[in-house]
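Student: As a plain string of letters, each chain reads:
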Amino acid sequence: MDLSRRRREFAGLGADAAGVNPPVPPPTPKLLRRRAFLRELAVIAGSSAVLTKLPWWSPLRADPVGDAPSDRVRLGVIGTGSRGNRLLRLLLETPGVEIAALCDDYELNLNAGLKNARGRPRAFADYRRMLEMPDLDGVVIATPLYLHAPMCLAALAARKHVFCEKSLAYSFEECAAVSRAARASGLVFQIGHQRLYSAEFIRAHVLVDSGAIGPITQIRAYWHRNSSWRRTGFSPEYEHRLNWRLYRAYSAGLMTELGSHHMHVANWFLGAPPLSCVGYGSINHWKDGREMDDNVNVIYRYRDGRHVIFDSMLSNRFYGMEVQILGPHGTIELESGRMYAENPPPAPGIVQLVNRLEKRLFEVIPVGGPSWVPDLKQDAKGRPLVEEPSSDDGTATQLVAFANAVRAGRPIPGMIEHAYNSGIAALMGQFSIEQGREILWPAQLKP
Amino acid sequence: MKDLVIPGRRIVREIWIFGQCVLFAFGVNACAIVGYERPWSELVSLSTLPVTLAIAPVAYLLLGIVRLLIGAVRFLLRRRVSRKS
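Listed in order, the protein sequences are those of chains H and B.
Sequential numbering from 0 applies to the first sequence in numbering that gives the first Met the number 0.
Sequential numbering from 0 applies to the second sequence in numbering that gives the first Met the number 0.
Hints were generated in silico from the structure; no laboratory data involved.
We put the CB at the ideal spot given by N, CA and C, even for glycine.
There may be inaccurate statements among the hints.
Some chain B residues near chain H, calculated using beta-carbon distances under 10 Å [claimed, not checked]:
1. GLN19
2. VAL27
3. ALA29
4. CYS30
5. VAL33
6. GLY34
7. GLU36
8. SER46
9. VAL50
10. THR51
Between beta-carbon pairs, the in silico distance windows are [said to hold, decoys possible]:
11. H/PHE361 with B/GLN19: 25 to 33 Å
12. H/SER335 with B/LEU45: 22 to 30 Å
13. H/GLN377 with B/LYS1: 56 to 64 Å
Chain H extracted, bound-state conformation (with noise of 0.2 Å):
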């Protein structure tokens, strides 16, 4: 089956899953306020002149919104499955943004949004019958990759705005077609990548750019999980349409579903997308059928000598995920907040002191130990990046600047170029791993 053919099928699906949602987890209790959001910000980068570094955060500057009726946004959401339900919670609970319609091609899911959404939206199965509405201002898209270029397509055909959920495409050339087709439009096109409105990460890029951790040498960025990744107790006949992660023709995997994320970081604190990257995967644990690899590995090179090590898989959690930005003067993990200096200063005088006597009473010194005990992990703390951290991941602020943006029909800037870099990159890794080669950065493409 062809993929065209595929999408004419599924046209309209909704993107994770029916029936097998897990549950949708509660509303961030209190709405973002964003004059005193915008100042915690600034105090967070140190100065609001470090925002003007941000340019995709001019959204959020914005007055704010009345009860006109021409401050309200009227949305519709695509894919109403747990992503999709979930940026609905969030969007119920953005000033001024309206839900005018809901779809999905998946009647579950469908009927969970319906129950989740506020007012009586109006319900489709078919996206392209969704983007006929006149007064519809913009689509946010949650559905499986392959679907996400000819939904962006054709809603910035119907002069929709349009915030896409990562990854941007299933291939190099949609993802171009997006991007200039976005650019083309004028309109508001946003990807789903929620860490350029969070707090931490921005804080971390001040301290980057402040050299706390000296010039940026290497990022490892890993993704681990323990699970199947597949969804279960539906009919056969939902398989592929369900598990559409496990299968090829609808996703590209590990790299797009988790790495875009990590990828999109990089770039972002790297200032510039990959020059080319080398990948391995396989499938070792999870030997159910699915076409998708289990576990990833892929080195990304960038400009002068600094790499990007990804890898992911689906049988240890142990680790977790975190994204580490190594230097020579320090290192931070952005997803655990926490930075960690290579010379931290000295532990105050009786502090050392105690330390002391203590080693000299209980420690016991290995005769013949192993000569690598130097370079073994330090046990440090570090400090934390913020010292309150926000109960968003920046989810509900990138909607808040979502919907700010299509209020003022001006485009958030910078957003297709993050949209396409990370984009290229997940896919280039995948691509790696399928040709079993080295894969430049598409440079003849013209986004």
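The hints should help you fit chain B onto chain H, whose structure is shown.
Tutor: This is chain B only, laid out in the frame that chain H set:
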């Protein structure tokens, strides 16, 4: 049951000894500051005060053990002397 009576003088003496232990702890902190070439602000900083104040009761406890031993030796000596006489 016989009431245990601790005279006020004894209490004052113990408080005085504990005070000396606190002073000793600050002295140790001062030595550490000099020894490890740290700023004098560490003498009263919030990061070192808990450690300093923890040293005082430890010193008082150790001193108590020493005093107990001295007392026991004295008691034994006195008993031997009184038996001989």
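Student: Can we keep the B/SER46 interface hint, with Cβ of chain H closer than 10 Å?
Tutor: holds, 6 Å
Student: Identify whether the interface hint at B/VAL33 stands, where standing means a beta carbon of chain H within less than 10 Å of its own.
Tutor: holds, 8 Å
Student: Holds or violated: is there a CB of chain H closer than 10 Å to the CB of B/CYS30?
Tutor: holds, 8 Å
Student: Classify the hint on B/GLY34 as holds or violated, based on whether any CB of chain H lies nearer than 10 Å to its CB.
Tutor: Result: holds, 7 Å to nearest chain H Cβ.
Student: Is it true that H/GLN377 and B/LYS1 lie within 56 to 64 Å of each other by Cβ?
Tutor: Once the Cβ atoms are compared, 59 Å apart, the range 56 to 64 Å for B/LYS1 and H/GLN377 holds.
Student: Does the interface hint hold: is B/ALA29 within less than 10 Å of chain H, judged Cβ to Cβ?
Tutor: holds, 9 Å
Student: Please verify that hint: B/GLU36, Cβ, nearest Cβ of chain H, below 10 Å or not.
Tutor: holds, 8 Å
Student: Interface hint check: B/GLN19, Cβ to nearest Cβ on chain H, cutoff 10 Å. Holds or violated?
Tutor: violated, 18 Å
Student: Next item in the hint list is B/VAL27. Is there a CB on chain H closer than 10 Å to its CB?
Tutor: OK, holds: B/VAL27 within 10 Å of chain H, min 7 Å.
Student: Are H/SER335 and B/LEU45 spaced within 22 to 30 Å by their CB atoms?
Tutor: For B/LEU45 against H/SER335, whose Cβ atoms are near 26 Å apart, the range 22 to 30 Å holds.
Student: Quick check on the hint: B/THR51 CB to chain H CB, less than 10 Å?
Tutor: holds, 6 Å
Student: Hint check: is the beta carbon of B/VAL50 less than 10 Å from a beta carbon of chain H?
Tutor: holds, 5 Å
Hint compliance for this structure: hint 1 alone is broken.
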